[in-house]
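Undergrad: Protein sequences, first through last, are from chains X and E.
Throughout the first sequence, residue numbering follows the working numbering, covering 350 to 464 in sequence.
Throughout the second sequence, residue numbering follows the working numbering, covering 350 to 464 in sequence.
Hints may contain errors.
Stated by the list, open to error - Chain X side only, calculated, beta carbon under 7 Å to chain E, not exhaustive:
hint, residue
1, Thr-405
2, Ala-425
3, Trp-457
Said to hold, decoys possible - Straight-line alpha carbon distances no greater than 35 Å define the calculated DSBU-like cross-link-like pairs of lysine-lysine that follow:
hint, chain 1, residue 1, chain 2, residue 2
4, E, Lys-356, X, Lys-448
5, X, Lys-437, E, Lys-373
6, X, Lys-356, E, Lys-437
7, E, Lys-432, X, Lys-373
8, E, Lys-437, X, Lys-373
9, E, Lys-448, X, Lys-448
10, E, Lys-356, X, Lys-437
11, X, Lys-356, E, Lys-448
12, X, Lys-373, X, Lys-437
13, E, Lys-432, E, Lys-356
Calculated from the structure, these hints are not laboratory results.
Owing to the predicted nature of the structure, the values given are computational and were not obtained by experimental measurement.
C-beta: ideal position from N, C-alpha, C; glycine also.
Number of protein chains: 2
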Amino acid sequence: MSASGSKFARHVFVCQASRPAGAKPSCGARGSAEILNGLQEGLAAHPDLWGSVSLTPTGCLGPCFDGPTIVVYPEATWYCGVKRDDVKRIVDEHMVGGKPVADLLYRWPAEGDDE
Amino acid sequence: MSASGSKFARHVFVCQASRPAGAKPSCGARGSAEILNGLQEGLAAHPDLWGSVSLTPTGCLGPCFDGPTIVVYPEATWYCGVKRDDVKRIVDEHMVGGKPVADLLYRWPAEGDDE
Numbered sequence: 350m351s352a353s354g355s356k357f358a359r360h361v362f363v364c365q366a367s368r369p370a371g372a373k374p375s376c377g378a379r380g381s382a383e384i385l386n387g388l389q390e391g392l393a394a395h396p397d398l399w400g401s402v403s404l405t406p407t408g409c410l411g412p413c414f415d416g417p418t419i420v421v422y423p424e425a426t427w428y429c430g431v432k433r434d435d436v437k438r439i440v441d442e443h444m445v446g447g448k449p450v451a452d453l454l455y456r457w458p459a460e461g462d463d464e
Numbered sequence: 350m351s352a353s354g355s356k357f358a359r360h361v362f363v364c365q366a367s368r369p370a371g372a373k374p375s376c377g378a379r380g381s382a383e384i385l386n387g388l389q390e391g392l393a394a395h396p397d398l399w400g401s402v403s404l405t406p407t408g409c410l411g412p413c414f415d416g417p418t419i420v421v422y423p424e425a426t427w428y429c430g431v432k433r434d435d436v437k438r439i440v441d442e443h444m445v446g447g448k449p450v451a452d453l454l455y456r457w458p459a460e461g462d463d464e
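Generate coordinates for the entire structure from the input sequences, incorporating the hints supplied.
TA: This is the structure:
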């Protein structure tokens, strides 16, 4: 693609922010490196997705108490509390199948909730 | 917002990947920390955007030779070669005005170009 605009059908962002034990929770302390690795492996196993799905590690995405957190654009799908065993479903159902994994979707706390 | 889905109207990602002098170029080596700081300050000056625009530092976004790189979702606007002086326009025209800054849009190299 030579014109401006995105060349990716999907862009997956995975929080890698890390804080030490005893500090506010963080995705890093809750296993997000393993989630990122799992997504890299899962996407690598689907050559049809190479070049169309981008995967990017990030700093803090916000829901620190509920991580590990993933956000997928352009559909703005937020996943929290992702476990290593959930990664295959995210790849198969969402990245390949095009349908976000409903039971992993984050429910944002109501405004004013302590977070 | 308590249901799943994004609570942000826009999500701005700014590459902060850094490589040492002599290595492949990187957004960090090309001033991306200053761009991130500028965006933080620029957004902070618009209370109407608080809570509706999220700003997240990232690892490598890909166009290392053309950074600093910013991508804005859900519209998937890619900006490259952003300078500190460009930040005010990105905030005013895109974040506030809702219209991407046309002359800053990245033109992806054609497939097969050396990048």
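Undergrad: For the pair supplied as a hint, E:Lys-432 and X:Lys-373, is the alpha-carbon distance within the 35 Å limit?
TA: Cα-Cα ~34 Å, so holds.
Undergrad: Could you grab the alpha-carbon distance between E:Lys-432 and E:Lys-356 and see if it respects the 35 Å cut-off?
TA: holds (29 Å)
Undergrad: Against the 35 Å threshold, does the CA-CA distance of E:Lys-437 and X:Lys-373 hold or violate the hint?
TA: Roughly 33 Å between the alpha carbons, so the hint for E:Lys-437 and X:Lys-373 holds.
Undergrad: Please verify that hint: X:Trp-457, Cβ, nearest Cβ of chain E, below 7 Å or not.
TA: Constraint on X:Trp-457 satisfied, holds at 5 Å.
Undergrad: Are the Cα atoms of X:Lys-356 and E:Lys-448 separated by 35 Å or less?
TA: holds (20 Å)
Undergrad: Tell me if the straight-line CA distance from X:Lys-373 to X:Lys-437 falls inside 35 Å.
TA: At roughly 28 Å apart (the allowed maximum being 35 Å), X:Lys-437 and X:Lys-373 satisfy the hint.
Undergrad: Hey, does the X:Ala-425 contact hint survive, CB to chain E under 7 Å?
TA: holds (4 Å)
Undergrad: Compare the distance between the alpha carbons of X:Lys-356 and E:Lys-437 with 35 Å, and conclude whether the hinted pair is satisfied.
TA: holds (26 Å)
Undergrad: Keeping to a limit of 35 Å between CA atoms, is the pair of E:Lys-448 and X:Lys-448 held or broken?
TA: holds (29 Å)
Undergrad: Given the hint that E:Lys-356 pairs with X:Lys-437, test it: the Cα-Cα distance must not exceed 35 Å.
TA: holds (26 Å)
Undergrad: Given the hinted pair X:Lys-437 and E:Lys-373, is their Cα-Cα distance within 35 Å?
TA: Status holds; Cα separation ~33 Å.
Undergrad: Going by Cβ atoms only, is X:Thr-405 closer than 7 Å to chain E?
TA: Because about 5 Å separates X:Thr-405 from the closest Cβ in chain E, which is inside the 7 Å limit, the hint holds.
Every hint from the earlier list agrees with this structure, and none is contradicted.
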